[in-house]
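Asker: Sequence:
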Amino acid sequence: MAASPSIPRPLVRANQWTIVLSVAAVWITGLHHLLLIPLLAGLGGVLFNFNPVMRLAKQFLKKPMNNYIPEDRSDQRFNQILAVFFLAGGYISFTFGWTIAAYTFTIMVVTAASVAIMGFCVGCFIRFQWKQWQYKRTKTSKSFS
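So the sequence shown is numbered by this note's numbering: it starts at 1 and just counts up by one.
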């Protein structure tokens with residue numbers, strides 16, 4: 001059976017809330033290892049198509065998967081790659097005591113996740129702009145051929 005081209009919104013939201021709450025917990029407690037929760041979950045999703053946070057959240061869905069608002073799988077994969085990058089940057093920076101970099105990385109990822117929870121997907125916007133630029137570049141290069 002082929003993979004679904006979408007992910008139910010509650011699973012995406014669970015992942016976003018995990019990022020927000022984990023980063024907030026790191027800021028409050030100073031325990032930077034808490035970043036490993038969303039980081040390893042995100043890596044699992046990117047590398048193995050298995051995100052344990054989403055798998056756990058799936059157990060709490062009451063309706064069939066296709067009854068929820070769908071989120072585009074490719075957009076979510078792009079977002080997850082960005083989140084993994086920033087979470088890894090934050091974790092590495094905290095580990096080495098690079099405080100400014102650590103807070104910069106974690107502020108960026110928590111801002112993107114928070115804004116996404118509110119309804120605007122920063123990663124989707126970036127991906128859309130990237131695709132537009134690629135299309136225009138391809139169109140321009142073909143016109144010169």
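Derived from the structure by calculation, the hints contain no laboratory data. Some clues are possibly wrong.
Label pairs and their in silico Cβ distance ranges [unchecked claim]:
#: 1; residue 1: N49; residue 2: F120; range: 36 to 46 Å
#: 2; residue 1: R137; residue 2: K62; range: 14 to 24 Å
#: 3; residue 1: F120; residue 2: S74; range: 29 to 39 Å
#: 4; residue 1: W130; residue 2: F60; range: 29 to 39 Å
#: 5; residue 1: D72; residue 2: L21; range: 23 to 33 Å
#: 6; residue 1: R137; residue 2: H33; range: 36 to 46 Å
Only pairs whose alpha carbons sit at most 16 Å apart, straight line, appear in this in silico EDC-like list of lysine to aspartate or glutamate [as the list claims (entries may be wrong)]:
#: 7; residue 1: K142; residue 2: E71
#: 8; residue 1: K58; residue 2: E71
#: 9; residue 1: K142; residue 2: D72
Keep in mind that this is a model prediction, so the values were computed, not measured. Note that CB positions come from ideal geometry on N, CA and C, so glycine has one too.
Asker: Going through the earlier hints one by one, which of them does the structure break, listed in rising order?
Answerer: Of the numbered hints given earlier, those the structure breaks are 1, 2, 3, 7 and 9, listed in rising order.
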